[in-house]
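Here my numbering is used: the first residue of the first sequence is 1360, the next is one more, and so on.
Keep in mind that the hints were calculated from the coordinates and are not lab data.
Hints are supplied without guarantee of correctness; some may be wrong.
What the hints assert, rightly or not - Cβ-Cβ distance ranges computed for the label pairs, FRET-style:
{"#": "1", "residue 1": "His1460", "residue 2": "Lys1530", "range": "29 to 35 Å"}
{"#": "2", "residue 1": "Gln1607", "residue 2": "Met1648", "range": "18 to 24 Å"}
{"#": "3", "residue 1": "Lys1530", "residue 2": "Glu1626", "range": "16 to 22 Å"}
{"#": "4", "residue 1": "Glu1513", "residue 2": "Glu1626", "range": "49 to 55 Å"}
{"#": "5", "residue 1": "Met1648", "residue 2": "Glu1470", "range": "52 to 58 Å"}
{"#": "6", "residue 1": "Lys1662", "residue 2": "Glu1417", "range": "34 to 40 Å"}
{"#": "7", "residue 1": "Ile1378", "residue 2": "Gln1607", "range": "45 to 51 Å"}
{"#": "8", "residue 1": "Val1588", "residue 2": "Ile1378", "range": "35 to 41 Å"}
{"#": "9", "residue 1": "Lys1608", "residue 2": "Gln1656", "range": "29 to 35 Å"}
{"#": "10", "residue 1": "Lys1521", "residue 2": "Thr1403", "range": "15 to 21 Å"}
{"#": "11", "residue 1": "Ser1685", "residue 2": "Met1648", "range": "19 to 25 Å"}
{"#": "12", "residue 1": "Ile1378", "residue 2": "His1460", "range": "33 to 39 Å"}
{"#": "13", "residue 1": "Phe1678", "residue 2": "Lys1521", "range": "44 to 50 Å"}
{"#": "14", "residue 1": "Gln1461", "residue 2": "Phe1678", "range": "23 to 29 Å"}
Note that the structure is a prediction, hence the values are computed from the model and not measured.
For glycine and all other residues, C-beta sits at the position ideal for the given N, C-alpha and C.
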Amino acid sequence: MIAKNKVFVSTLIEWSSTIIRDMPWKGIRNPYYIWLSEIILQQTRVEQGRKYYEKFVELFPTISHLANAKIDTILKNWEGLGYYSRARNLHETAMYITKEHQGVFPKTYVEILNLKGVGKYTAAAIASFAYDLPYAVVDGNVIRVLARYFGIKEAFDTSSGKKTFEESAQKLLPNDAASKYNQAIMDFGALVCKPALPMCDTCPLGNSCYAYKKDEVNILPYRAKKTKVEERFFNYFVFTYKNKFYVQKRNAEFWRDLYQFYLIESEKLFSEKEVAKELKKINIHDASMIHTKDLTQKLSHRKIYARFFYIELANKPLFDDFEEISKSKLTNFAFPRIINLYIQNNF
DNA sequence: AAGCCGGGGGC
DNA sequence: GCCCCAGGCTT
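Produce the complete structure using the sequences and hints provided.
Below, the structure is given as structure tokens:
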């Protein structure tokens, strides 16, 4: 087993010197930029995160730039990336480090792990890439490579399964090459040992890979749970009066702190008659329906059915907690993807 | 331990 | 349609 481990590690490190996977944060030692990149990349493909990383480095070149920014500015630049609590935690942690640590990024694994929005993976990534500390990363790539190569059949999405993979990864880590090895195994998972259609024919680990020999590549790694999808029905009332629009900061379980139009959620999408009833309830009597538009969006565990009612008002509405803005100002606000799609196609 | 948090891309 | 992605937080 020790011999197999050594072959595994040395083969990966050797393989990594033969490939090119260019990423703007690769090889950087500045912990601020590494942290930024790792938060952006949580549950996010490298190709999706790349533009956001470049934008954030440009807009917030130091941690104090980020700390001094407004949360709405950060969210606007995070718009479209998803998991918006990452942006809030990023801001809070930037403020914390600026104030409590004089702007100096923590240098130990435990301190890094204690930062908001930083879990075991991200702490290991920062500790190894910035300081070459011997902590093994365990992300989706690592889980897949280890499960297949060593034939680990425990489900990874349970607490004991996570522990198994973490212990295995830590045991394999060469303490004198933490950064290089962590980078190598993730690159390998992304380029060779891919989730679908892995490149087993040309894989440098092929002749010692458990899954390849047993023909179990397509069933490893094991997952225990399936996510179930819940349907939700959102009726957006897009009120307009004298060329002004009304948006509100959302305070709900998801898309929190993004903006939205007047929203009523229901069991199924409203008909125009039901809209008229709702307008009466909020004391709007002189209104004309200009158009309605349906859109859907799939989230990880939800399907959103949205119907946009564009409603022209004869009188100025009296809303609490809404901002009155002109059409050209809409682009200053961070919206969920489905609202941006609506705006782009109908305004 | 289980459930929740977005959006995009591959097949 | 379903799965996965440089995961973490809350309950």
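Verification of the hints:
no.	hint	result
1	His1460 / Lys1530: 29 to 35 Å	holds (32 Å)
2	Gln1607 / Met1648: 18 to 24 Å	holds (21 Å)
3	Lys1530 / Glu1626: 16 to 22 Å	violated (52 Å)
4	Glu1513 / Glu1626: 49 to 55 Å	violated (41 Å)
5	Met1648 / Glu1470: 52 to 58 Å	holds (57 Å)
6	Lys1662 / Glu1417: 34 to 40 Å	holds (35 Å)
7	Ile1378 / Gln1607: 45 to 51 Å	holds (48 Å)
8	Val1588 / Ile1378: 35 to 41 Å	holds (37 Å)
9	Lys1608 / Gln1656: 29 to 35 Å	violated (19 Å)
10	Lys1521 / Thr1403: 15 to 21 Å	holds (20 Å)
11	Ser1685 / Met1648: 19 to 25 Å	holds (22 Å)
12	Ile1378 / His1460: 33 to 39 Å	holds (37 Å)
13	Phe1678 / Lys1521: 44 to 50 Å	holds (46 Å)
14	Gln1461 / Phe1678: 23 to 29 Å	violated (44 Å)
The structure shown violates the earlier hints numbered 3, 4, 9, 14.
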